[in-house]
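Hey, can you work out the whole structure from these sequences and the hints?
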Amino acid sequence: MLVVPCPNCGPRNASEFRYAGEYRPRPHPSQDVTDDEWATYLYTRSNTLGVHTEWWFHTSGCGLWFLAERHTKTNAFVKSYLWGAT
Amino acid sequence: MWHDRPLKDGYDVVIIGGGAHGLACAHYLAKEHGVTDVAVLDKSYIGSGGSGRNTAIVRSNYLTPEGVRFYDESVKLYEQLAAELEFNVMFSQRGHLTLAHTDGAVRTMRRRAEVNRLQGVDSRLVFPDELAHICPQLDLSEHPRYPIMAALYHPPGGIIRHDAVVWGFANHADRRGVHIHQQTEVTGVDVRDGKVRGVETSRGYVAAETVLNATAGWGSTIAAMAGLELPIATAPLQACVTEPLKPFLDVVVVSGSLHVYVSQSSRGELVMGASVDPFGSYSMNSSLDFVEGLAGHVLELFPFLSKVRILRQWAGLCEMPPDFSPLMGFTPVEGFLLDVGWGTYGFKASPICGKTMAELIATNTTPDLIYPFRLSRFAEFDLVGEKGAASVGH
Amino acid sequence: MPESSIKLSPLHEIARDLEATFTDVDHWRMPERFAGVEIETTSATTGVVLFDETAKGRIQVEGDASDTVLTSAFTLPNLEVGAGTHHDGTNVVRLRQDLFYLSVPPGAEAETIEKVRAQANGSLVTATDITDGRTAIRVIGPDAPTLMSKVCGLDFSEPSFPDGHARQSSVARTNQLIIRNDLGGNPAYSLVGSRSLGAYLWSVLMEAGAEWDIRPIGRSAHHELEKSTT
Amino acid sequence: MSDPTPTRLPERPGEIIDRTRQVSFTFNGEIYPAHPGDTIASALSAAGVRTFSRSFKYHRPRGLLCGAGHCPNCLVQVGDEPNVRSCQRAVEQDMDVNPQNAWPSLDQDVMSLAGLGDRFMPVGFYYKTFMKPSQLWPHYEQALRNAAGLGVVDQGTPWGAYDKQYLHGDVAVIGGGPSGISAALEAAEAGANVLLFDNGPQLGGHLRWRSDSDDTSRKDLLEKVQSARIEVYTDTDVLGWYQDNWLAAVRGDRLFKARAKAIVFATGTIEVPTLFDNNDLPGILLGSAVQRLLNLYGVAPGRRVVVVTANRHGWDLAADLLAAGVELAAIVDERRTRDHPASVDLAAAGVPIYNGSALTGARGRKAVSAAVISEIDDSGNPIGPGRVLSCDTIALSTGWEPALDLLYTAGGKSVYQENRAEMSVDPVPDGLYVAGSANGADLLQARVEDGRVAGRLAAAHLELTEPPPQQELDKLALELSKEERRTSDRISAPDGKKRFVCFCEDVTDVDVDTAIAEGYDSVELLKRYSTISMGPCQGKMCSVNALRLCSRIKGQSVQETGRTTSRPPTTPVYLGVLAGQNMEPVQVSSIHDWHLDRGASMMVAGLWLRPEHYGDATAEVNNVRNRVGLIDVSPLGKFQLTGPGAPDLLERLYINQWRNLRKGRVRYGVMCNDEGVVLDDGVCARVDDDTWYLSTTSTGAGTAFQWIQWWLQSGWGGNVHLTDMTEIYSAFNLAGPHSREVLRKLTKRDLGNKAFPYMRIRRTRVAGVSCRVWRIGFTGELSYEIHVPSSAGLHVWEALMEAGGEFGIAPFGVEAQRVLRLEKGHLIVGQDTDAMSDPLGADMAWAVKLEKPDFLGKRSLERISVDGPHQRLVGFEMTRKHIVPEEGLQIVKPQENGKLNIIGWISSSRFSPTLKKSIGLCWLPSDIGSEPGATFTIYQDGRLEEARVHHGPFFDPGGERLKS
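Going down the list, the protein sequences come from chains P, V, F and Y. When you line the first sequence up against this note's numbering, it's residues 1 to 86, in that order. When you line the second sequence up against this note's numbering, it's residues 1 to 394, in that order. When you line the third sequence up against this note's numbering, it's residues 1 to 230, in that order. When you line the fourth sequence up against this note's numbering, it's residues 1 to 964, in that order.
Since the hints were made in silico from the structure, they are not lab data. One thing to keep in mind: the hints can contain errors.
Only part of the chain V face toward chain Y is listed, based on derived beta-carbon distances under 10 Å [to be verified]:
#1 H3
#2 R110
#3 L131
#4 I134
#5 P136
#6 L311
#7 Y345
On a predicted model such as this, the values are computed, not experimentally measured, just so you know. Ideal Cβ positions, reconstructed from N, Cα and C, are used throughout, including at glycine.
Pasting the structure below:
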């Protein structure tokens, strides 16, 4: 079972977490966002083969959302951190 | 059988991915459109990707009219594929049950039953009294944690020998002059001023004006070579098989809320699968929690299987689009085409995908049947309604 | 609050079906004894037992300044995440940098919240009485760590989960706060989780503990064990 | 049955049976004796039974082969359990054992005629036949299916009791043979917590049955283990290595899930059978199987044995047989020299010794009657005429394959060692070590030393000690390289005769040759086409020979040919063990038992169980409309937002406005995602300047909490906290014309419209308990929703029921609530909306405040509002009042060609007892939906039923009752 490094609780089995996909920052509402750009934000994914940044939620633990950098083939984690604390 | 051919430095059409989709497209290009200067490239052996790893279920009882029409065509093609390919693909139409354990799931099943009926697909809602005859092995009592309330019964659904489909298409495509190149990995897509010119491979450059990306799990990595990003996320899909048993289970049983599939193969093994893994990855490792969760849910349905043994578990890759429908046809890069985004439902569409993609390549126009699955639908905010069923049932 | 005790634990019907005798604890009606104090304390010191510890005040304190507010309200040592302290019936555990859990004697909830709010002076600190949302099942006995390792994936060995510490994790597929607070020289873990899952968790623990003849204990046996701790 | 002559020997040193006691069991209908400690296989062998089962495809008789639970030949049915490895299952009194896959009987199996026609059933036979005529395929298929499978599933088998346990250790050692024990001792010595797994009943591995070691070394190792800090798990099979060193192991009905920081694979070896004509006859056994029968159970494999070997183990076996008084017909060794110490005694005993020779065939119909041997040239090919040696048993001891499947799945790369003719792993992933015979060590001392070094390296990996000095590693490597080769890579070229490569699937070397010729020439294609290694033994008996055969036929090296992928489990495992103890969480409200006592029929609602009705939902509806009803809505999601930042957060999360909501007031709100799809809805109240209290749907409570926390913890969380209150309050909705009169009896608060108007919230003491009371009504009646601290839930509920007695109060369930809300035209998120529904279409356009600077879904809703939603959710009534269309029916528009186009669907539909007609909600194209009274047709059971669009509530449209 994959071990996920929770920034608050430390390494825990992946079954304690919810994975919420790759990190895609939301366009700031003030920008005049074209339909294409908005559809890209909503639906397009880089789906990287390699290290990418993703969201996790510690469902059975501290209830924190956090970002993690993980290699999507080996599943090896590089690091994890709370939003805003890169 | 298929032969090792010399790798030419150019073809009219290059198909990336030697699975059922890619080989079917090559077959129909040659058979129905006389296009034979075609190369099918696979980085490993043919059928090594999704085509060799799925639980080989064939059905057409989807939710949306466009989904049902599409898969129904596929079932019809499967029904005479053995004769057409002179290769027994062992399509066993023994009936397919999708169980509903909540009132919400029953509603979704009826929705699908009604849409199917209106599309002329044999599929109806059945309740425990009738279920007891269709699949007497099911525990229809009040005992399970999530008692079975109803099921969508789809008689034409069933299972097929998935490798045989790959080999059948390969044999026929090869016979008509298509080149099948195994151990040939595509490492780059050559795009110059918006048009595809060819592909880099582990065995050298191959020129082509038409390049079809027909891979499962690798759709994004191949598209990235052509400078494109797609609305799909790759995740492992696992399955397992038990020791061979004397046949007792005739129908294919799928549970929406419990996310589990069970069918008994022609060799007597129970072939079982579930939903995609809880987190995205390109790893094809098996996991223990997959087979633990699956075992619990299978025993909810069939408590007497507790002493049946799991013999082997494996995993493949699949790509999940936002509206549970594939990405087929043209892309912003001229000549670079897609047949990807097949989630957990790709194998059952192989023949009709081959046929429609062949028609698209030969006529340079999108057949009506697959128009709803165009890539541009996302920017047009015209997603396919299959998503509706997914969020409630499965 | 009317005179007669009207507060019930979600395990009340289970205790009644096990023919427990009941007692009142600050308006809570809780089991006094089941098979008898003798048998119950023996099981607790030789095997493993379950004790319904729901009848306690429970407060959640959230806020970036919660550690300074709490240290001044209760003169606490600085707590690492996962560490806890005990003094005169109040147990404070740090769940996150910005989140603490307090358990206090039954009835002291309101007073504790006031004490916390009084120290907030301007910073946003949310003190919430979560007593009614939680149930607590205390697993006590030498076989408690092994029983816990049948329902939870954490490492219950001494170095990884020392006495006084707390972890939030999955127990029998439910979210629980696990606080280790040994009792009478025996390992003991309080499982604090959703009230609506209390009956389910109790039944899973009883089934998982069958191999050690697990049994429930009442307040008097629990009191005996507590006496032998201090 | 051929004349079974008992072959139990007098007591043997180290045997594990209790000769003083006797048990009996039945096999194939006959009673057989056994001693406690006997396995089914050893007891049957002792009674001279040779045939245990019939093979999968050709139904050939099969007997004991490997004795280690690896091959399929001794699979039997034990009571209701199929596919039991009888060589691993201890006999129990009155056990009912039966052969599998044999019809009508084990002795006469009709299906074995299939074996005669093997010319007609070559490899890939199924693919090349039965295609035409396609109509007949279902009948062919039924015949094929009936022939399939081995064991029978008994549909009366009880689920049984299973459980699981997590284990944690610094170093896990897999395999309790000499190398495993010494690795464990070394690691424990360095201070590591060690987990030691072994699938035997006691530690020792083959020290228990192989006599090449004096017994002192075993006893000495076992003593040291007792005293060391090692958790020993015997009778425990390690099934698989999973991500991040997660090991699955099974002992009886318990699944262990172990995590270790370093792992030593001391998994030993699997003996490899050699290929020769008729090599699957009962009476042909692997050398290790004979030694187990001999030394563990005191059973001779037969009366006259030919030993075929290429290593010292064959000679040790011959010496064992000689010492046990079993007649040796010959010992046949591929190698030219015979310098093994036992050769002297064997020659002295007159045992014929044939060096430079090999076994080319076996003779016999139901069991072995003779062995055919012949001399071989340097490349192993037979030369000159064969020699026939009459015998009833052939023992094969020509080679071993390291059991490395676990290591392959852990990422180890397989490398074929030409000099040893065995696979190894190089490189071994970080933190993993392989030791003992699995690492190629053969002599006992080398295995113990190799284990010790591996244990030291594992402990060093955890920085508990220093790694062994390099010269120690070099010395060991040198010692290992000098060891005598133990494995022959001889493989006979296919020449038309039938040599079984795969015993599970009856695949012969001719089949492999044919498959490769037909283009299935990669090992993976060969496996899928011929089904080689896809049976119960998962390649343990066949993958080495298949690989050598494939390499020889294609003229390439074994390394070039490559292996198929190894996959867990290493040993087949019960579904019951994998499922473990049944742990399906159930959530119930604080008055759950009251509902059951009242005879409520419960329904599944997410993880909750809720009352659907108490016997008569229609009566419950009428009672709420005319008198007063009480419903338990505790699963409702309940959350609290505190802090000055709350209004900003609410403005961004919801499509409607909140900033202007005054204290004590309540407003309905809808949450969307950025696609503009409706996620959830509910009421929200401002209970204090900086305290908001909001509710969500019960099914959506968990996801809503995570959703709000996501935005709050990623930039939108300035000065606001979200607290989950869902379980803190039990929620009871008192609804109906008399609701005020009932509540007035339990509280002093003024409940009138002036003091407590509709859509307000008040802190109120009810029956002595401080509660939050909302004046809201999903049912459309005057109602008060009382949120009670859950510990006092039963107290307040019973007080309400008692107070309402004189007013005809009765509980009502989810079904009645659904009718009541439908009569008011209220939608249910998740039923009337799905993952495609936006608020503009779903009749919530009034709530969409596009003028707000930003909210989730705004950009998409702006786009949709340009030309309006394509579809709308509206009410409908039926032209034929009594017809109730089931929910999910489709709305169709007949075309000229008679086809019916689907234009919408029915999401809610009931017969309204209040209005005496059927009503509902449906999705329709906007043009039809926007026109009240517009007609459309519903496709129901093949006919078209007419319906009309209806806007707004069906009952009390002005909402007077709510405000009464």
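For this session: Against the structure, test the hints numbered earlier, and report the numbers of the ones violated in rising order.
Result: 3, 4, 7
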